[in-house]
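K.L.:
For reference, the chains in residue letters:
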Amino acid sequence: MPADRERQLILDVQEGSHDAFRELVELHMRRVYDLAYGFVNDHDDAEDVAQEVFVKVYHALKNFRQESGFSTWLYRITANSALDRLKQRKRSVARFVPMEESHLSGIAASQGTDRGEDSILIERALHELPTLQRAVVMLRHIDGFSTKQVSDILKCSEGAVKTHLHRGLKKMRKKLEHLKDSDS
Amino acid sequence: MKTHRTIQKNLYDYLRNELSAEDRRAIDVHVKSCAACAGELQSMRTAMDLLTQKARRPSEHRSEMYWQQFAEKVERRIQTESTEEEPQSFVGRLLDLLVENRKPFSFGFASALSLIVLAFAVWSLWIKVPAPNQIASDSAGRRSNELQANIQKTAMEVRAADYLEQSKVLLIGIMNTDTKSLVESKSLLQRQREMSRTLVRESQEISSGLTDPSQQRLRELVSDLGLILVQIANLETEHSVQGVEIVKGGVERNGILFKINLEEMQRAMQSSRDKGNEKQAKSTI
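From first to last, the protein sequence lines stand for chains A and B. Numbering of the first sequence is given in the working numbering, commencing with residue 1 and proceeding in unit increments. Numbering of the second sequence is given in the working numbering, commencing with residue 1001 and proceeding in unit increments.
Treat the hints as calculated values from the structure; they're not laboratory data. Treat the hints with care, since some could be wrong.
Unchecked claim - Calculated lysine-lysine pairs in the BS3-like style (CA-CA distance at most 30 Å, straight line):
id : chain 1 : residue 1 : chain 2 : residue 2
1  : A       : Lys174    : B       : Lys1054
2  : B       : Lys1054   : A       : Lys170
3  : A       : Lys148    : A       : Lys171
4  : A       : Lys174    : B       : Lys1009
5  : A       : Lys148    : B       : Lys1009
6  : A       : Lys175    : B       : Lys1073
7  : A       : Lys170    : B       : Lys1009
8  : B       : Lys1168   : B       : Lys1032
9  : B       : Lys1054   : A       : Lys171
10 : A       : Lys155    : B       : Lys1009
11 : A       : Lys87     : B       : Lys1073
12 : A       : Lys62     : B       : Lys1054
13 : A       : Lys170    : A       : Lys87
14 : A       : Lys175    : B       : Lys1259
15 : B       : Lys1032   : B       : Lys1009
When you get a sec, could you build the whole thing from the sequences and use the hints?
P.N.:
Take a look at the structure:
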């Protein structure tokens, strides 16, 4: 969507248009969900956080100035909300959440090929990474944000992002090898 | 000569082509003679390739239906939260403020204030024994509020019944027409899309108006129907055949027409029960 359209939507929401808000939600909902999942590592929590983010955005948009980028602002709210959720539930940063079988079988059923099996292994490996490494790897390699954008969203230096990426990818590779060995 | 540590630190940038030519050359030279760094490079490359080519977004685990309902869920949550957030009294806010500060003085002050408020409440109860006509007036006020709520509830149900009736006509038209001839008759399809758009708007207003717990089933039916209508409203001319088939499948799978008929039957039964009660009440009088 062109930036002009997004700007117009924001203005419309600020003037009270519900249709514009709905369009804005539909435009960003998947990415917000993906980002939330990157932190909370659980689909139910990701859903709740994503909804909560848009409720916050709805109230905060009234005072939003278009000088700063809307997407970065939105993803920062998402990252903060997801981190708050982690704190609330007293989860440790490297907490392991067993992956739900329904999600795994869902992927296998929808793909049913080698690609499907690889996808499952990648998701398992990602699932087992520490929170920040997983979030950074997903933001950079699945969501396609640049290193600069990731550092803006997470409010850390680009160097820190690269360090997390390096460590995350390294661990992922090891986990993938381990998972492939144990599967075969 | 660069160390393993420096080389490995730059491997990610190397793979992303984000290094200067000089640093890139240094890595090329190093990995030719260093098996450990070459292995590390290969390992990272494989992980990055796998991620790029085969990883799925978490949002892809959710169905299309889920995403169609997402914005509506957010809107419902906003509505619910705004109704739950009742304005707090001045005393309540003051007490909260004092307790938040957590200072001994604040606690003392808060306790004193609470005692004063409590004493005032007891005093006003003691001296204010409501007169019989005041009790009657309160009770009349309550009845009037209940009546108002009932009128609103019934008005929304009538509106929902009208919406169901119109949607039923539209869906029967689509279900009973051959997909190919429906798509070929562009004017008919266009009319159905326009009608759906109007009904979608109607469904959003009705859904938010059906707030009583007894209206839950009706609200769900209105929302399910709303999703089907959105699909009809968004039918594209180029891919209409596939789109119409999806709509027909959705109507059949969800038993939408059956549910509408059931709702109509229940409404008719309720209406005849109400008439019976009315007659009985009149005869008793």
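K.L.:
It remains to establish, for every hint, whether it holds in the given structure.
P.N.:
Here's how the hints hold up against the structure:
Taken as a hint, the lysine 174 of chain A and lysine 1054 of chain B pair is honoured in the structure, with Cα atoms around 17 Å apart against an allowance of 30 Å. In summary, the hint linking lysine 1054 of chain B to lysine 170 of chain A is supported, as the alpha carbons are separated by about 17 Å, within the 30 Å threshold. Restraint check: the Cα-Cα separation between lysine 148 of chain A and lysine 171 of chain A comes to about 23 Å, which is no more than 30 Å; the hinted pair holds. About 18 Å separates the Cα atoms of lysine 174 of chain A and lysine 1009 of chain B, which keeps this hinted pair within 30 Å; it holds.
Distance restraint check for lysine 148 of chain A and lysine 1009 of chain B: the Cα-Cα separation of roughly 18 Å lies within the 30 Å cut-off, and the hinted pair is therefore satisfied. A hinted pair counts as satisfied when its Cα atoms are at most 30 Å apart, and lysine 175 of chain A with lysine 1073 of chain B does not qualify at roughly 37 Å. Restraint check for lysine 170 of chain A and lysine 1009 of chain B: satisfied, since their Cα atoms lie roughly 12 Å apart, inside the 30 Å limit. Note on lysine 1168 of chain B and lysine 1032 of chain B: the hinted pairing is violated, with a Cα-Cα distance of about 72 Å set against a maximum of 30 Å.
Annotation: proposed proximity of lysine 1054 of chain B to lysine 171 of chain A holds, straight-line Cα distance about 17 Å (limit 30 Å). Distance hint between lysine 155 of chain A and lysine 1009 of chain B is fulfilled; the C-alpha atoms sit about 21 Å from each other, no more than 30 Å. Pair hint lysine 87 of chain A plus lysine 1073 of chain B holds up; C-alpha atoms about 25 Å apart against a cutoff of 30 Å. Distance check on the hinted pair: lysine 62 of chain A and lysine 1054 of chain B sit about 40 Å apart at the alpha-carbon level, beyond 30 Å; violated.
For a cut-off of 30 Å, the pair hint linking lysine 170 of chain A to lysine 87 of chain A stands: about 27 Å separates their Cα positions. The hinted pair formed by lysine 175 of chain A and lysine 1259 of chain B fails the criterion: a straight-line CA distance of about 50 Å is larger than 30 Å. Between lysine 1032 of chain B and lysine 1009 of chain B, the direct Cα distance comes to roughly 17 Å. Compliance with the 30 Å bound is thereby established for this hinted pair.
When the structure is compared with the earlier hints, violations turn up for hints 6, 8, 12 and 14 and for no others.
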